[in-house]
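Enquirer: In order, the protein sequence lines correspond to chains A and B.
Just so we're aligned, residue 1 is where the first sequence starts under the working numbering, counting upward by one.
Just so we're aligned, residue 114 is where the second sequence starts under the working numbering, counting upward by one.
If you are wondering where the hints come from, they were derived from the structure by calculation, not from laboratory data.
Hints are not guaranteed to be accurate.
[To be verified] With a straight-line cut-off of 20 Å between C-alpha atoms, the simulated EDC-like cross-links for lysine to aspartate or glutamate are: (1) A:K106 / B:D462; (2) B:K533 / B:D441; (3) A:K106 / B:D466; (4) A:K103 / B:D461; (5) A:K103 / B:D466; (6) A:K107 / B:E518; (7) A:K103 / B:E698; (8) B:K716 / B:E455; (9) B:K533 / A:D11; (10) A:K106 / B:E544; (11) A:K107 / B:D284; (12) B:K532 / A:D76; (13) B:K532 / A:E100; (14) A:K64 / A:E100; (15) A:K64 / A:D76; (16) A:K107 / B:D505; (17) A:K106 / B:E537; (18) B:K501 / B:E712; (19) B:K533 / A:E100; (20) A:K58 / A:D76; (21) A:K58 / B:E544; (22) A:K106 / B:E426; (23) B:K497 / B:E174; (24) A:K107 / B:D462; (25) A:K103 / B:E455; (26) A:K107 / B:E426; (27) B:K599 / B:E698; (28) B:K550 / B:D597; (29) B:K417 / B:D447; (30) B:K540 / A:D76; (31) B:K532 / B:E516; (32) A:K103 / B:E426; (33) A:K106 / B:D461; (34) B:K501 / B:E516; (35) B:K501 / B:E518; (36) B:K476 / B:E544.
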Amino acid sequence: MPDFGFGIHDDLMIDHDRLSLAYEAVLEEVPSISGCISCGSCSGTCVSSFQSGAGFRKLVMLLKNGSYEQLQQALDYCQFCGKCSLVCPRGINTRRAILEMRKQFKKQGDDMV
Amino acid sequence: MTWFNVILILPFTLGLFILLAVLSVNYYQWFRALNPRNKLRLWKSLSRKEILSSITEIFRECLLHLRIYHQKRRLWYMHMSLAFGWFLLIVVGHVESVFNTGHILSSPWKSVFFDYFSRSQEVTGWHLQGFNHLMDLILLFILSGLFLAFYKRINSRSFGLKRRPLHNPHDRIAMLFLWFIFPMRFIAETLNHAFYGGGGFMTGFFGNLLTLPDNLNYLSDIAWIGYSISLGGFFVVLPWSRYMHILTEVPHILLKNAHVQAYQDKGCTEFSIHACSSCGICLDSCQMTNLDSCNGQSYYFIRKLRELSGVSENRMMNCLMCGRCSNDCPVQVDTLSIRMNERIRMNDDLAFDYSYLDQPGKKVPRARIAFFGGCMTQLVPGVKASMKKIFDFYEEDHVMIDETESICCGRPLFLSGQKKAYFEIMKYTRERILSCKPDLIITSCPICLTTFRNHYFFPVPVIHHTQYLESMISQGLLPPGQSDIKTVYHDPCELGRYLGIYSEPRRVLRNIVQLQNKAYKQNQGLCCGGSIADLEMDFEEKRSIAEDAIQQLIYPDTRLLATACPLCKITFATPNIIPVRDVAELYAEALTVTIPAREMAAKEAFLQN
């Protein structure tokens, strides 16, 4: 099969009425994350997105969907520079949100995955 | 000694004993917690010359509080009268007892309650009478300070403090005991002299005014017991209150003069946080004090560290780390290092993976000057383009390291407490910058510059772009154009307070615009509010700090705000009050000619010949 530069993941069952537990935990600490409109400004400016493919938009998506395994991997790439928070049109405190996500994984460890 | 004398001296002696016991246990533990290297440093600093300078500083700062004198005069008088006055009261009281008894060493209660023990004796000789007047003068001096302290609780604005520090219960109890000590002494001495005669110009005068029947002389004894209880009570609560600073300032000054830093040293941190007097001066310097929702100011942060409950994460992370508090601190507590310790303790073990940065095949072309913009410069392309234009004008052999693929210097990671991740990313960034084998590294971002200077240890000089531009001007290679735009320069925190670069950007600006010569003080610059150190503040709060800073910086006729930090530029541009430009952009605009500098110089020489 030719390489198109993107893949197709396995089937997902996502219930958009029920948010993932990790998302709710992060939302409690950083309420502004609820304002994310997935515009992609953050990923466009992200230092690590260019090389690793993981931007803040993707992190929020993975967090909402509860794809913890992928999220944990993508979180580790963040360099914390804060460019995403400067370009965010909704004024989301992105660095605090990412720190909170990292902490959630440290706290709950493998139970969550 | 009668049973009454025992009751009188018991509260004072017990309090003093508890104080000394707690102090010696605490100091021993904190000293043990010092890093071995810092212990050695402290030991080596105990030479005669350095001890002498430390003693001078202890006298100047612990007793006379001269650093407060330079900031707020009324507040200084209040602090100084209490500290220096009490010191004099102890010393002169002891000298008085030595003169009377002839013994140089005596029990502490003998000199503290001297007037009680000597009340039936006749005062003979002018010098003993002189002591009475002198002790009264000192008591009056302290009482005047106490009155100011009381008045400060009602109206702190008259002392130049915008906001009154809110004390916690232990501090209030200790303060109550302290406030009782000197009025109790005054009452005890006055009653003493009312019944037994004698006394100085104040207590003697008031004693003579009182005409009380002799059978009420137990009132005087009660007042003396009150004095003893307030002294003893104060000594007991002292180690758990902010008044611990009275004694801890001494080891703090010794450690400071031995160049022992609180960063990653538990012992020094303990000495530092207990040396903080909670005077509230840092609350005034903090730009976040104006925001109601912010509670992370150093005053509250350090006080929480002293308490058992510890600091909440919100308080720890809600700080711009601009350094204004530690700069204004009269005790010179290194608040930044202490906060960094806490952040590192909390977040150092978070996971990270930067293996994607490992690209050994990727090499930056070799050049003499390596220009590193940093993440924030990527968001203000004008600065990058201007630097390119300037390099081309001076025909410098340069390379833009992060023009297409940026990489972070790691300071944001460090400031959030993720020290291990920071050192990991530093490895890659250092390698990439040095891969072009430069002779000089220039950066336009003061945040990166701080990191490079503190931890990177490059084998070549690292300078800020304003320093480069200034060197060009001092070589005579200056741009010919000077505009008449009235401009105010803003000192970025990292460039000013952290690195002390003040004159270079100003010299550059004086050559290209009309720099409004504002009477600025070094290390008093304002933070733009956008600092990457703060992880709690939301967008609106950052903007309100930026607005407030702009209003303080500019004059009514100012047309432009110049800065030398890309992050400050972005933050100041957000409120849309005044145009904001970087020094590099203004410099590039002043280059009115398009041909390189060397060709221009050759042409000028040709024309002159």
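Enquirer: Would you mind marking each hint as holding or not holding in the structure?
Expert: Taking the hints in turn, this is what the structure says about them:
no. : hint            : result
1   : A:K106 / B:D462 : holds, 8 Å
2   : B:K533 / B:D441 : violated, 31 Å
3   : A:K106 / B:D466 : holds, 14 Å
4   : A:K103 / B:D461 : holds, 11 Å
5   : A:K103 / B:D466 : holds, 15 Å
6   : A:K107 / B:E518 : violated, 33 Å
7   : A:K103 / B:E698 : violated, 41 Å
8   : B:K716 / B:E455 : violated, 61 Å
9   : B:K533 / A:D11  : violated, 37 Å
10  : A:K106 / B:E544 : violated, 30 Å
11  : A:K107 / B:D284 : violated, 36 Å
12  : B:K532 / A:D76  : holds, 14 Å
13  : B:K532 / A:E100 : holds, 17 Å
14  : A:K64 / A:E100  : holds, 14 Å
15  : A:K64 / A:D76   : holds, 18 Å
16  : A:K107 / B:D505 : violated, 52 Å
17  : A:K106 / B:E537 : holds, 19 Å
18  : B:K501 / B:E712 : holds, 18 Å
19  : B:K533 / A:E100 : holds, 18 Å
20  : A:K58 / A:D76   : holds, 13 Å
21  : A:K58 / B:E544  : violated, 29 Å
22  : A:K106 / B:E426 : holds, 16 Å
23  : B:K497 / B:E174 : violated, 47 Å
24  : A:K107 / B:D462 : holds, 11 Å
25  : A:K103 / B:E455 : holds, 16 Å
26  : A:K107 / B:E426 : holds, 15 Å
27  : B:K599 / B:E698 : holds, 16 Å
28  : B:K550 / B:D597 : violated, 41 Å
29  : B:K417 / B:D447 : holds, 16 Å
30  : B:K540 / A:D76  : holds, 17 Å
31  : B:K532 / B:E516 : violated, 27 Å
32  : A:K103 / B:E426 : holds, 12 Å
33  : A:K106 / B:D461 : holds, 11 Å
34  : B:K501 / B:E516 : holds, 11 Å
35  : B:K501 / B:E518 : holds, 17 Å
36  : B:K476 / B:E544 : holds, 10 Å
The structure fails hints 2, 6, 7, 8, 9, 10, 11, 16, 21, 23, 28 and 31 (numbered hints given earlier, in ascending order).
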